[in-house]
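Undergrad: Using the hints provided, position chains B and C relative to the given structure of chain A.
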Amino acid sequence: MTDNLLFLSAPITVCILLSGVLSYFGNHILSRGIIFIDIAVAQIAALGTMTGLLLGYAEESAGVQVISYAVTIIIISLFALTKFSKQVIPQEAIIGIIYCVALALAMLLADRIPGGGNFISKTITGNILWVTWDKIFSCFIMFLLIGIIHLIFWKHFILISDTKNGLPYSLWKTRMYELIFYITFGIVIVKAVAVGGIFLVFILLIAPTSAATLFTDKWKNRFIWSWVIGIIGSISGMYISYVLNISNGPAIVTLLGTLVFVLAFVRLVMHKIQTVKS
Amino acid sequence: MEKYFNYRLLNTGRILIVALMVFLLIPFIDAVGQVQQRTQARVRAGQPGKQLNIVCSFSDYASITKTIAGDMANVTFIAQGEQDPHFVPPKPSYAVTLSTADMWITTGMDLEMWSATLLDKARNRKIMDGEAGFVAVSAGINVLEKVNSVSRTDGDVHLMGNPHINTGPLNWKIMAQNITVGLTRVDPQNTSFYQKNRDDFIDRVDRAMFGDKLVDLFGGPTLTKLLENKTLFTFLERSYEGGKLIDQLGGWLKKALPFRGMRILTYHKNWAYFADAFGLEILGHIEPKPGIPPSARHVQQMIGMIKEQNIKLMLVASYFEKKTPQMIEDKTGIKAIYLPLYVQGVPGINDNFQLVDYWIGQINASIK
Amino acid sequence: MFTAFEFMLPPFVASLLLLLITAYFGIHVIKREIIFIDIALAQIAALGSAVTLVINNLGSGPSSHAHEHDSRTLMAYAFCLLAAGVFTILKNKRIKIPMEAIIGIAYAVATTTAVIILDKGAGSDVHIHDMLAGTILWVTWQHVLRLSIVVLLIGGFHFCLREKFKKVTLGYLDKNIEVARSGLWDFLFYFTFGIMIVEAVSIGGILTVFAFLIIPASVSALFAERWTTRILIGLAAGFIATLGGLWLSWTRDLPSSPAIVMFLGVCLLLAIIIKGLIRLKT
Chain A
1 MTDNLLFLSA
11 PITVCILLSG
21 VLSYFGNHIL
31 SRGIIFIDIA
41 VAQIAALGTM
51 TGLLLGYAEE
61 SAGVQVISYA
71 VTIIIISLFA
81 LTKFSKQVIP
91 QEAIIGIIYC
101 VALALAMLLA
111 DRIPGGGNFI
121 SKTITGNILW
131 VTWDKIFSCF
141 IMFLLIGIIH
151 LIFWKHFILI
161 SDTKNGLPYS
171 LWKTRMYELI
181 FYITFGIVIV
191 KAVAVGGIFL
201 VFILLIAPTS
211 AATLFTDKWK
221 NRFIWSWVIG
231 IIGSISGMYI
241 SYVLNISNGP
251 AIVTLLGTLV
261 FVLAFVRLVM
271 HKIQTVKS
Chain B
1 MEKYFNYRLL
11 NTGRILIVAL
21 MVFLLIPFID
31 AVGQVQQRTQ
41 ARVRAGQPGK
51 QLNIVCSFSD
61 YASITKTIAG
71 DMANVTFIAQ
81 GEQDPHFVPP
91 KPSYAVTLST
101 ADMWITTGMD
111 LEMWSATLLD
121 KARNRKIMDG
131 EAGFVAVSAG
141 INVLEKVNSV
151 SRTDGDVHLM
161 GNPHINTGPL
171 NWKIMAQNIT
181 VGLTRVDPQN
191 TSFYQKNRDD
201 FIDRVDRAMF
211 GDKLVDLFGG
221 PTLTKLLENK
231 TLFTFLERSY
241 EGGKLIDQLG
251 GWLKKALPFR
261 GMRILTYHKN
271 WAYFADAFGL
281 EILGHIEPKP
291 GIPPSARHVQ
301 QMIGMIKEQN
311 IKLMLVASYF
321 EKKTPQMIED
331 KTGIKAIYLP
341 LYVQGVPGIN
351 DNFQLVDYWI
361 GQINASIK
Chain C
1 MFTAFEFMLP
11 PFVASLLLLL
21 ITAYFGIHVI
31 KREIIFIDIA
41 LAQIAALGSA
51 VTLVINNLGS
61 GPSSHAHEHD
71 SRTLMAYAFC
81 LLAAGVFTIL
91 KNKRIKIPME
101 AIIGIAYAVA
111 TTTAVIILDK
121 GAGSDVHIHD
131 MLAGTILWVT
141 WQHVLRLSIV
151 VLLIGGFHFC
161 LREKFKKVTL
171 GYLDKNIEVA
181 RSGLWDFLFY
191 FTFGIMIVEA
201 VSIGGILTVF
211 AFLIIPASVS
221 ALFAERWTTR
231 ILIGLAAGFI
241 ATLGGLWLSW
251 TRDLPSSPAI
261 VMFLGVCLLL
271 AIIIKGLIRL
281 KT
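Taken in sequence, the protein lines are chains A, B and C. Quick note: the first sequence uses the numbering used here, first residue 1, plus one each step. Quick note: the second sequence uses the numbering used here, first residue 1, plus one each step. Quick note: the third sequence uses the numbering used here, first residue 1, plus one each step.
Chain A on its own, in the form it takes in the complex:
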């Protein structure tokens, strides 16, 4: 028993770290309604990696990582600057377009690189089971730094994410905050996907906060609930994957996702019961 716990201690720590940071960002993403942005960011980062490989850097070198981050930051900055007070093409559509063009480019380049097929969306897998403690430590530092930035600006970010109220500042001031938000977001996603894979990151971003939104409206409560749900959900998913001997990423994703649907139906039933009572 202790053997297993020891083995699982590293992956569980990763889950807690990832849940923490992703649930936070997830609340913003949900309010903005740009759900698939992380898949787009992951694909762009993969494209960046492929560019690095094409330019001749070895796969495990720092050069490739730097190029990957650079490409991601550039594209996401351009995206941040496309915010208007009135969108003809909604931001999610812009994300969709960026995603599919990036994917197309990646497919064209995949031929030129050994193992090129590994950099195309669905195959961007990760496995937190193999993670080592120094990797966890570097993640922690990075998230801490970004967390500090967000602690400083948290009010601004909430204001610009709350799309119901329109633009809170002038267009360019809003865009500046958007820029900081998206760049920090992009960096987090690239790091998280490298460790956990695209689907784990996606579900940790969206599911806990969706579940929380069902029952509360206030930002502060949403943050707390999504943290709780995210952490408990991912640890339970890991336990289930162990007991049933199934792939662990998919186990967590399926658990959290199904949870959201179940809670949604519960909510509807609750409402029906309430209306019947009154």
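None of these hints come from the bench; they were simulated from the model. It cannot be assumed that every hint is accurate.
Among the chain C residues that face chain A by a calculated CB cut under 8 Å, a handful are [said to hold, decoys possible]: (1) I30; (2) F36; (3) V261.
Here are the computed lysine to aspartate or glutamate pairs in the EDC-like style, where the Cα-Cα straight-line distance is at most 20 Å [to be verified]: (4) B:K254 - B:D203; (5) C:K91 - A:D217; (6) B:K312 - B:E287; (7) B:K322 - A:D134; (8) A:K83 - C:E33; (9) B:K335 - B:E281; (10) B:K146 - B:E281; (11) B:K331 - A:E59; (12) B:K331 - B:E308; (13) C:K93 - A:D217; (14) B:K368 - B:E329; (15) C:K93 - A:D162; (16) B:K335 - A:E60; (17) B:K146 - B:E287; (18) C:K120 - B:E145; (19) B:K322 - B:E287; (20) B:K331 - A:D3; (21) B:K335 - A:E59; (22) B:K335 - A:D134; (23) B:K322 - A:E59; (24) B:K331 - A:E60; (25) A:K135 - B:E329; (26) C:K120 - B:E287; (27) B:K323 - A:E60; (28) C:K164 - C:D174.
DEER-style ranges, computed between Cβ atoms [stated by the list, open to error]: (29) C:S148 - A:V243: 46 to 52 Å; (30) A:M176 - B:D330: 38 to 44 Å; (31) C:L243 - B:G348: 40 to 46 Å.
Even glycine gets a Cβ: it sits at the ideal position worked out from N, Cα and C.
TA: Using the frame of chain A, we list chains B and C on its own:
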């Protein structure tokens, strides 16, 4: 009617960004295209004149075919040496070359799933399954990991067995045999030419495996049988001219002696035939099913086994992403060796012999 | 020997058929802001397919290839039906989760469930067949015929009932627009959309269908308001892009889906530039 862009904010800055993106895209597409053309030229280097048009699925088969057919054929292949053999993206040239092919040489064990629709499009009667121009190189090969019972819920076994037959040099001889049969069907006039080349090739494989001395003494077929029955090394313990027979061993088997009997892991099941031939014991696979990450229990078992059995090496085909193998290295101290699975997977490796030389060389270098 | 024309004609016609239906659906998708619905539905259909595969394996041995293909398609439709039902039920004022999030979660769950099922239920010779690239280059006239029937049926259905569907979609944006029995129309929308996706993706692959849905409709959004005009503009943009993409694919020997998508991207950029220039002039 102010539903569109807020015109007042439209400025040259935004147009510049957009124009920049357009201009960046165009050379990209062009660059990709250029490299494609160069590849095509490299692949089609044959000689003019009335030749057979032979298309193979993999570069390994193409290399063997070229050796046997010589100048009688223009041989091309579809899956690039560094590509994942299970997933080959569709390009127009594939269907075009297939449409004019006289022969199609494929594994024949459901490895090339991507070829079915390709062949449909090419609509070339001559090369359909069952016709004269179709060659399945795996016919008659001693297939590993075949499942006998009907129950497949066990999950871990290919129905038809392990299809990565190119990694075992002994298999090349049977492949050469099948290819020659195909060639003589399609071009009976040159039968003796093909058969001579095939025999030369088979002899070359034997000598590369066992070394000249043993082949001269006992002949290739006998030695092959001994190796397949796993009795070769017992046999070589016999005395001969003051020493033992094993002193006369040469070729790859000799070069592979340092790692004979070693226990290793492989990332995926690509290496079964190589391990079988050269005495490596594969204790497990990290990702037996491509695309499906392993479960926690499997990972724990792997880590435990690596420690208990003191496993030092993991063979990884070079088309896999290095990220996970590196994580495994960090976590367990095992060493990962990345090997190209096919001919031309790495520049400079132009035929099967160089490929095996490379593999053996790399493994020996890693265990020092 | 193939001429470029012979080779490219079936894929070209197939692409046009796809564009016809996606230029229309794309407008709905953008207005409702459910951009990634096609990827989600394609994955849910694939889940249905995987389930059939496993059931076939566990039962008697493999049946004939054609028979198996049909049962998988039927199961794919059934799963789309299920998904349509779930989406409709959850499009409720009480549920404060945006529709796109529900779709996203459905997508992730469908993908991972398929992985788990295939892992446990099928032998290891099942490799996760990626429908990303699609096989539009290898499409035969038979496929084209099947596709045209589907387009005709679904297109016809939507044409007859277009006002209702339009109204429900506008209701997504404007809370004041109320449609009687909007649940029914929502359900029909998602279900017919799902069927269309299953057919389209089996020919063109997810990437092409996704791009066909989003990009022509985005281009048309820049220039027009009326649906008919938008469909025509979308078709025109798609037509040019397909032409360019297939030409590039032939001359440079590239896979066709990414080539077409790149051209669509270029079309969109040109459209933005043109629009900008028009505005500058006025």
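Undergrad: If any of the earlier hints don't hold here, list their numbers in rising order.
TA: Every hint satisfied by this model.
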